[in-house]
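A.B. asks: Once you have looked at the hints, place chains B and C on chain A.
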Amino acid sequence: MSDQKLLSMPVSRRSVLGTIAAAGAATVFSPLGATRVFAQEPEKPSEIIVRAWGGSWVDSLKAGVSDSFTKMTGIAVRHDLTEDNEIQPKVWAAVAQKRVPPIHVNWDTTTNATKSALRGVTEDLSDLPNLKNTTDLAKPVGLDGYPIVNTYGYVYVLAYRPSAFPDGPPTSWKDLLDPKLKGRIALYNDGIGFHFPAQVAGGGKLEDIPGNMQPAWDFIAKIKEQQPLLGEDPDFTTWFQKGEIDAACTISTNAREAKKNGIELAWVVPEEGAKFDTDGLWIPKGLPENELYWAKQYINHALDKEAQQVWLDGLGLPGVVPGLTPPADLANDPSYPTTEEAFKHLIRISSKVQVENESVWFAKFKEIMQG
Amino acid sequence: MIGSRSKTIVIWTFVAIALILLSAPTIVVLGASFTAGNMITFPPQGLSVKWYGAILGASDLRQAFIRSLIVSAICTVVSIPVGTLAGIALAKYKVRFEKAIQIYLLLPFTIPLIGSGIGMMLVFGNMGVLGQLWPVGIACCVINLPFMIWAVTASASNLNEDLELAAANCGAPPLQRFLYITLPAVLPGVITGSLLMFILALNEFLVSLLLVDARSVTLPVQIYNSIRSIITPDLAAISVVFIVCAGIAITLLDRLVGLDIFLKSK
Amino acid sequence: MRNSRVAYPLTWRVMDMLENVCARIWPASLHRLLPYLMLLPAVVLVGLLVLGLFQIGDASLRVLDTSTFLFSEDYSLENYRQAITSGFFAVVASRSLMGSVIVTVITLLFALPYAYLMVRTQSSGLRKFLLVALFLPFFIGQVVRAYGWLIILGNQGMVNEALGLVGVPPVRLLYNYPAVLFGLIQYMLPFAVLMLAPALTAIPEELESAAGSLGANWVRTFRHIVLPLARPGLVGAGLVVMTLSLTDFAIPAILGGGSQDFIANAIYDQFFRTSNQGLGAALSLMLVAVGSIMVGVVFAVFGAGTLAMTGGRK
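Protein sequence lines, in the order shown, are assigned to chains A, B and C.
When we follow UniProt numbering, the leftmost residue of the first sequence carries the number 1, and every step to the right adds one.
When we follow UniProt numbering, the leftmost residue of the second sequence carries the number 1, and every step to the right adds one.
When we follow UniProt numbering, the leftmost residue of the third sequence carries the number 1, and every step to the right adds one.
Next comes chain A alone, as it looks inside the complex:
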């Protein structure tokens, strides 16, 4: 109860920073202001560990959230770059064996995080004060309360090399069936991001998911004839760099990153639509009380408007706090939806449906591709 009260205290970041500046970094012991309420503030750990993806992903998180968190609280942030898939069994095993989990905060895909939430290994985050300033996107669909907080959305775009499309950009996922693209396209190796547009491209309806996905499998079988390469995020960048592929279904952030590295690249949301999904932050169960408190403070801070702005400028993705300014290169970009209209072209399926059927979809996709 007192915890809740603590967290719902309105905190002005500016006044905090002011206090810090006045007190001098070395003598900061009470980041949230020297009011009497915070005399009961739990003991600070020397550091907290946040799982993150490497490369530009962790760089943006550090710049936007971690560094300012450290400045505010004096708690160092260590980033664990283990993949989200690979940290999951470690966290699950730790909770099952009643050990302290290896991380404080997990930056995770909403789908993966939902699995952990269903399994009951996540802490409830409903009491974070900054949640009241967020859009609907922050709330996980189909789960009670906030076992996860979504922090931004992203789109699986059709990224392509303009020189390989002299007649103009591709408009449909069916353009990938062009014979001249044989062996020149790439998908994620479990097909993630591609199942739903394939359902539409194969003549099916989104409402039929998950009941009847035959149209999707038929379309994917046709794509298989094109001998696509299958990989993960770094593979796409490498393959575009080394001229192995001309088009790929990948997250817009990867395409933007490759473009920043000097690779000639563009992307579209084809007429069938593109999958929209979210990533979020959550805290595993089993942390000591005081570390749990500060881990929550970290996530709360990640929902701060200023933190979101810097973090998501780096990622080039739309956040969950209203009033963020898109990066200059992404204004009106289909991969950065801000309007109702833009969202109409995107496909959103509830994470509950996704997690319940994902393994079947992955297996089916693999079966087609490995056959």
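Hints listed in this document are in silico derivations from the structure and should not be mistaken for laboratory results.
Hints are not guaranteed to be accurate.
[Said to hold, decoys possible] Some, not all, of what chain A presents toward chain C, calculated at C-beta under 8 Å: (1) Asn-85; (2) Glu-86; (3) Arg-119; (4) Glu-123; (5) Asn-189; (6) Glu-244; (7) Pro-288; (8) Val-353; (9) Glu-356; (10) Glu-367.
Beta carbons: idealized from backbone N, C-alpha and C, even for Gly.
C.D. replies: Frame of chain A, contents of chains B and C only:
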């Protein structure tokens, strides 16, 4: 080597192909580490040592490297007595169920590394020792132990029972026979095995990944994780630093023991 | 100190003491058990894996409920049924089994001459060079090494550029089954050579000279002297290569372009991607069983490998 010209040609053909196979990617990566660009390319785009500067400045890489050395040392130190004894036992004595035991001792190779990793994560987790370095060292030792055992047994044909009997005849007690006759005979195998164990532990990432946390991460795990985003030339530079360290180690070994010892024994 | 060494060196005294201790804790009457005692540490160490296997075995009998992501309380064989009846796993399994056999044969074919030259050459410089060339690739992690291959064999790689000079259009050399086998052979070659070298060292060179002076040409000498005597080494190296390539994960993942999965990749997917530890565990255990059976078959066909010598001597 003795023999005819045709033998030389045939053997050298195979060896030449093998050498190209083994060295080509190494040479490319070596060269690429000196690139001035931001991509691994060969030939490199302009020469610079900026990527070496980048890795020298990274203190987390240095700490991870030191942790890796500790892990490898633990792995090697444990594997030497364990593997040597087991190897000698298999080669020298008649053991009941020896085939079953061999199949059992090959489990580290027949269990996929992911299975070994998950299994040991659970076992060490139950023991409450995760987060320390020694379980990682032990794990690296277990998954590569067959190398040690097999390296020893492969050189155990040098064992000479007559020599041991002669020593016994002269009154040498069992421990002395073991230390002065059996052990020197298998020494080449022990050295080969230890070298392999050390190098493999220094490069192991899949099992270690499941046993370390952010505070005890080892270099190969760190590299494996950073490769997940984008592959930059600093990885090539790290490989070169690795090679240089290995070069120094091998030279030292050559000076101290002589590399020939485990190839041309006797 | 010096005096005593002349009379009765300290080391001797230490040795005597150790001998006594040994004799005390392990009397000669128990000598029959000595080899088992020597095997004990290795058995215990591998026992850690077996403990893990029990955990995995338990998981393999539980079914994942995707509405809670918890595993069933009661045991069933559902995961095994799924693994056996799925056409996908059959494809992946036969691909890895066939792959491991092909890789083993080709690797041994190259490893034998390499090890032979390394052991027999008169030049210690050449020997060291061959040895160093074996160890170097280890230090370039598998992933970076694969990146090196991409630079060499990729669509815009050096080989294709060279082919382009003589007018051959780019050929896709990577991301197919042969590329995976190629990568595995390259990865396994050093292991095989190092396993073979000690066995070849043990073959007296005089034996070959003798055969030669009796009129056998080198091919016959090789077949009738070197190969049979190197058999323990060949079997050992072959087993190592076969089991390791059967269970390899990284090379099929990197050089297969995502469509050439081996069993370990399928297991990885179950454990890490779809969170279905039960099915992953069942697949792991089946792979362990298949691998162990293959080892047993090799023992049956080619003899107990490294143990042949003791067998012969009785």
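A.B. asks: Hint by hint, say whether it matches the structure.
C.D. replies: Now for the hints, and whether the structure bears them out:
no. : hint    : verdict
1   : Asn-85  : 4 Å, holds
2   : Glu-86  : 6 Å, holds
3   : Arg-119 : 4 Å, holds
4   : Glu-123 : 16 Å, violated
5   : Asn-189 : 4 Å, holds
6   : Glu-244 : 5 Å, holds
7   : Pro-288 : 25 Å, violated
8   : Val-353 : 11 Å, violated
9   : Glu-356 : 5 Å, holds
10  : Glu-367 : 4 Å, holds
Consistency note: the structure conflicts with the earlier hints numbered 4, 7 and 8.
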